[in-house]
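Enquirer: Sequence:
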Amino acid sequence: MFSWYRQVTARERKTFWACFGGWSLDALEVQMFGLAIPALIAAFALSKGDAGLISGVTLVTSAIGGWVGGTLSDRYGRVRTLQWMILWFSCFTFLSAFVTGFHQLLIVKALQGFGIGGEWAAGAVLMAETINPKYRGKVMGTVQSAWAVGWGLAVGVFTLIYSFVPQDMAWRVMFIVGLLPSFLIIWVRRNVEEPDSFQRLQKDKVIPQSFFKSLAGIFRPELIRVTLFGGLLGLGAHGGYHAVMTWLPTFLKTERNLSVLNSGGYLAVIIFAFWCGCVVSGLLIDRIGRRKNIVLFALCCVVTVQCYVFLPLTNTQMLFLGFPLGFFAAGIPASLGALFNELYPADVRGAGVGFCYNFGRVLSALFPFLVGHMSDSMSLGSAIGIDAGIAYGVAVIAALCLPETRGRSLEASAASVQTSAGGTESARA
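If you read the sequence shown in the numbering used here, its first letter stands for residue 1, the second for the next number, and so on.
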């Protein structure tokens, strides 16, 4: 499963650990807030709506940060942008420990989200451009599994701190710990180099000179089709996930009267399943191709969700069914990093990856809203099943409308940018 690790170069291994560490810390910061919500509600007399607003605003700013961060990586470098974004989200997590009210918390969390989204985009491009194309799917899937590692670390840190620190101070201590990821920057600066393709763009002076021109470069005529369908793929993937994960706990608790969702055992199953799903998806994506892998996991997601909402489950059965739910939900996100990188030339690759992945993160809020609206006229389980089916259906259609990119060389994409730039200059002359 991990034989590729022995076959890649030392430079590729260092880049892998930089990106894996960055994404683990992303998840650590995000999950810290989710675990601290009850304490924050008590500390600032927040309503559940207030907590939901903070989560929603953070989701939007992380999506904006993904697009902007990807574009910055096209201009200033993948490694440099990665460092900026790690420092950004670490500092704002740290500042969260000192807020004294709802509005301060809202602003700080929104700014933290910007850095988290930007770090994913810069790291995804850095890893894809550095690794051997033969192993790109496996490595990108394994890096995506870092989310499960960070999720587990957040639970561990939460448990440790709340065991030794008074309840009213524990959440502040937990956010202070959020500054620690910034020390990863020291290791990145000393061990990680810019990919050869980006260095070649710098040498040949075809780096975008205007930030806004780079931002809009993914909509030029030869790329607009992949940008539109890539954005739809991101929408379907994120929409299906949020339609299920937002409402499934409510459905199982209120309509099925099941309590296992609140147990540590169920959470452990979901986290482990997510990690396994990312790793297996990475193996399959290199074997059967990007499009087939996305279609396979999307269909499996739909089947698993229907089992959840229509089968009469006991607590024990739901505990075991949590594994395929987490496993298949992880498979599509684990496929997107490799696919989106292979769709774009090097000069706008960061902007393209950042846009396609994050476009859906903003609009995916529509699907949980639809579930709630539809449940007024039908059962909540039916609404979840229908909306999840629609979202994953969008993902399938979008994937089938995109080209198969397995094995595509990103060096060739960089060369095509240089050729295109040279042709443009000749035409102008």
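It cannot be assumed that every hint is accurate.
Think about it this way: if two alpha-carbon atoms lie no more than 25 Å apart in a straight line, the pair counts; the simulated PhoX-like pairs of lysine-lysine are [claimed, not checked]:
| id | residue 1 | residue 2 |
| --- | --- | --- |
| 1 | K203 | K14 |
| 2 | K14 | K213 |
| 3 | K203 | K213 |
These are calculated hints, taken from the structure and not from any lab test. These numbers were taken from a predicted model, which means no experiment stands behind them.
Enquirer: Hint by hint, say whether it matches the structure.
Expert: Now for the hints, and whether the structure bears them out:
1. Distance hint between K203 and K14 is fulfilled; the C-alpha atoms sit about 24 Å from each other, no more than 25 Å.
2. About 32 Å separates the Cα atoms of K14 and K213, which puts this hinted pair outside 25 Å; it is violated.
3. Distance restraint check for K203 and K213: the Cα-Cα separation of roughly 20 Å lies within the 25 Å cut-off, and the hinted pair is therefore satisfied.
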